[in-house]
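Student: One-letter residues, chain by chain:
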Amino acid sequence: MIKITELQKFYRTEEVETVALNNLSIHVAAGEFVAVMGPSGCGKSTLLNIVGLLDDLDNGSYLFNNIEVAKFNERKRSDLRKHNIGFVFQSFNLIDELTVFENVELPLIYTKVPASERKKRVEEVLEKVQIMHRRNHFPQQLSGGQQQRVAVARAVVNNPKLILADEPTGNLDSNNGNEVMQLLTELNEQGTTIVMVTHSEHDARYADRIIRMLDGQVLMETVG
Amino acid sequence: MLRNYIKIAWRNLWKSKGYSALNIGGLAIGMASAALILLWVANEMSFDMFHSKRDRLYIAANQSVFNGELQTWFTTAKPLGPALNAEFPDIAHTSRYSTYNGVLLTVGDKKLTANGAFVDSAFLEMFDFPLLIGDKHIALNRPSDIVITQSLAKRLFGNEEAVGKTLQLDTLDVATVSGVLKDLPGNTRFRDIEYLLPWSYMEKIGFSDDYWGNNSVQTYVELVPNASRHAVGEKIRDIVIRHSDGQQDNEVLLHALPDWWLRSKYENGHIAGGRIEMVRLFGVIAGFILLIACINFMNLSTARSEKRAKEVGIRKVAGAYRRSLIGQFISESILLAFIAGLIALVIVLATLPAFGGLVERDISIGFDSPYFWLSGAAFVLLTGLLAGSYPAFFLSAFNPVNVLKGTFRRVNAVFNPRKILVVIQFSIAIILIIGTVVLHRQIQYGKDRENGYNKNNLVYVFEMGEVTKNSSLIKNELLSNGIAESVTRTSSPLTEGWSNSWGFEWQGKQPDDKTVFDRFCVDEHIVETAGLTLVEGRDFDLSKYPTDSLGIILNESAVKAMGFQAPIGQLIKDNGKEWHVIGVVKDFIMRSPFDPIDPLVIEGAAGWFNAIHIKFNPALSTSDALRKTEDIFKRYNPNYPFEYTFVDDAYAEKFAETQRTGTLAGLFAFLTVFISCLGLFGLAAYMAENRTKEIGVRKVLGASVYAITRLLSKEFVLLVLIACVIAFPIAYWAMDNFLQTFDYRISLGWGIFVISGLGALTLALITVSSHALRAAMANPVDSLRDE
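Those protein sequences? They're chains P and W, same order as listed.
Per my numbering, residue 1 is the first one in the first sequence, and the count goes up by one each step.
Per my numbering, residue 1001 is the first one in the second sequence, and the count goes up by one each step.
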């Protein structure tokens, strides 16, 4: 599903150029659950952003389902993203002014799903993450675990082929963390490909494969 | 999707109520101010544009060269209208128009004075002033006809049918009401008219004449459909010269209806503006105020961008195109503009009567007109777009990676757009402040100008009804009873020039000299009554010098214009009479206090009279003197109400128009500054909020409250100073141009600029420092606790 070859990414300021990713190549097959690990600043989040088409790459090739997407413009990236990729962040990133239901509904609005269909799908997914009873609450009224479950619900409501999770349990206690990992595992079992950046060895154990990074390069890969 | 946008916009508004109030409030005040001005502009532009024949209607104007300059004026000779009608088939109708004010109308016991005019019978066919009752084709055919407005009909006849009833005009004649006119709208040059009398009546009472050199009435012309104005203009150009056998050399031109109200100033034979300049000026001010209010919106929206950044990131991650985010933010600002528009409408409705009073116009909102709703919607849409476009592009450009990772930071560049916008706001505000200060100083300068007469205790009364006949008796009673110190009959109020001429002849006059002299007639004692300053010779005194009835007093400008070395005793010919100069007075202001004083010829008792000036005895209280004067007038002129005017008030009236402009400019300058400060207030609050941690650290490291307040205010002070640098040259250029329109004017000293700049700076400092001070006085422990 994902084939990245000789990827380079630089960050430039007036004085210095920092290499974030250096000739990195990875491959993720459809249906895999991959964890990316490494110390802070090793480039794992940058990699995730590039995979999620949120960030550009400077050199290299990125095939998504065998289509070269490295040179896609903003609009094409948007299209690809909204139909194929769901995101889960460490800090949940829910819109404070929208209710649980409205937050989850958001990706369906951008893919122009009719209102009745939206309602059905949002309710289904909220049932799935067991947060239906909080559908009319605002994010601030929920616990961290509940917020992340909403974020997961939002990531999957569009039935994406790929979920990108950036330290999804980083802000959660272990009970809530385990619940979220359980959710991701279930999604993976239903066929969704998952790429997860994490610091937690415990979480990484849920993955099929662990990619360890250092200084913008893949250090080693282990199969879980 | 729109529902989602509106929902989130509404929740955002509700969440930050303070800022929403600032934002919407500022926008509402800006929109209301702009709307008021635009309503006035629309009213000005609508003058007489409702006539269905507006494309074919003209006023005839005269043009002639005076001392090398081509002058244009809109009064014409009385025979012009009929001659145009008779000679040119392209002219469908003409109507002369001559006001006939202050006439006493009597119906039974009811007596009242009203304003009216003599017109030709075609007047009602040319203009869309519909008759509610009567036939416009015949209503002004007989000399005894009178057409009155519905209001006047009500005042005279109550609810009775007016047509067919008779009323008495002054003490002269009886007229029969032949039509009732719908009240004239406020946006016509004829708006003061309450009745129309046929020209044939004017002829009957001997007010009309066939002299081509007496330019005293207006002549309106209607061309046949599809006639070429240019072709007709060419044909009629020499009509006065032909008819006067070359004695008059003025040419006639047609001035089109759409130009009557706004473009009636001619320079060297061409239209050179008029009220349109004022309309444009205030149109620009309206635009500025709206822009300033929109800038507030832009600044507050972008300053608060961090609050919205996460949302933008999430939406982008969820698949939103940048375009749809722009759409979202613009629809949000249109929603805001809509709310502000509703509040603005309430403000406009509440202030419209006062504003109408200020501009002396009957301005109303046409709620029943689709045009109003369309333009209202366009106004809201435009405001929303203007205010929302920059924030929309700014916010939608956020990179989701940065905002969601929390690495997004405000940039505090030396020149960021927000700072530039604040500079624009304050530049405009400072220009308006300077404009207001200059205008008020100019008005004061005119007021302080030595006017050349003593206005104290001086009133005038128009000669109506029996006053003319009994003037000697009235004068005697006023003087012998010690009510007045001095009484003089005059041809016009002292503060108004009603007559002028280039026809005076004197020894040594050059044949091509067409200097225009003001003409003012008095019976006697004018120097004493008006408190003029005699330079040489003496005042008129008929009892001592009966030949003073053909005497003349000149002002100093007239002496200079006539080139007299020894003016006393010089002979001057005017109106077929020979007059002799008996005195010279210092120049005094009859016309505009901002213009140079024209040469003036004051003619003696052989002239004509329309008013009586009375200098009250200072030993009597004014109210006492007025009461006693009224008794005398009532006795000798029992049918007329006693109406008087203080020369003081009449003189003050000369400043009314400029004063009104000054008040309006002041009001809008204040609003501009107020709205700018509202924006600054919001920005300062945000700045203080964003720098809380920095302030905490600085305090911990030993910074004083003063140092921190200064640090936080410094940036804004700098912006206002830059605004001063931009505003000063623009304001100088604009005000210098404006002052050129006055002959008697102030010079633009640097003081005005310093005062205006300091004023803006002080206001900005007061606005900003409250937040700065509060931030500086906060306990650093609170702001650093989360570290």
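Treat the hints with care, since some could be wrong.
With the C-beta cut set under 8 Å, the calculated list includes, among others, these residues of chain W facing chain P [as the list claims (entries may be wrong)]:
1) Y1019
2) E1311
3) A1318
4) R1591
Read the hints as simulated data drawn from the structure, not as lab findings.
These figures come from a predicted structure and were not determined experimentally.
The beta carbon of each residue, even a glycine, is placed where N, CA and C say it ideally should be.
Student: Work down the list of hints and note, for each, if the structure agrees.
Tutor: Hints, verified against the model:
no.: 1; hint: Y1019; verdict: violated (14 Å)
no.: 2; hint: E1311; verdict: holds (5 Å)
no.: 3; hint: A1318; verdict: holds (4 Å)
no.: 4; hint: R1591; verdict: violated (66 Å)
Hint check: violations occur at hints 1, 4; the rest are consistent with the structure.
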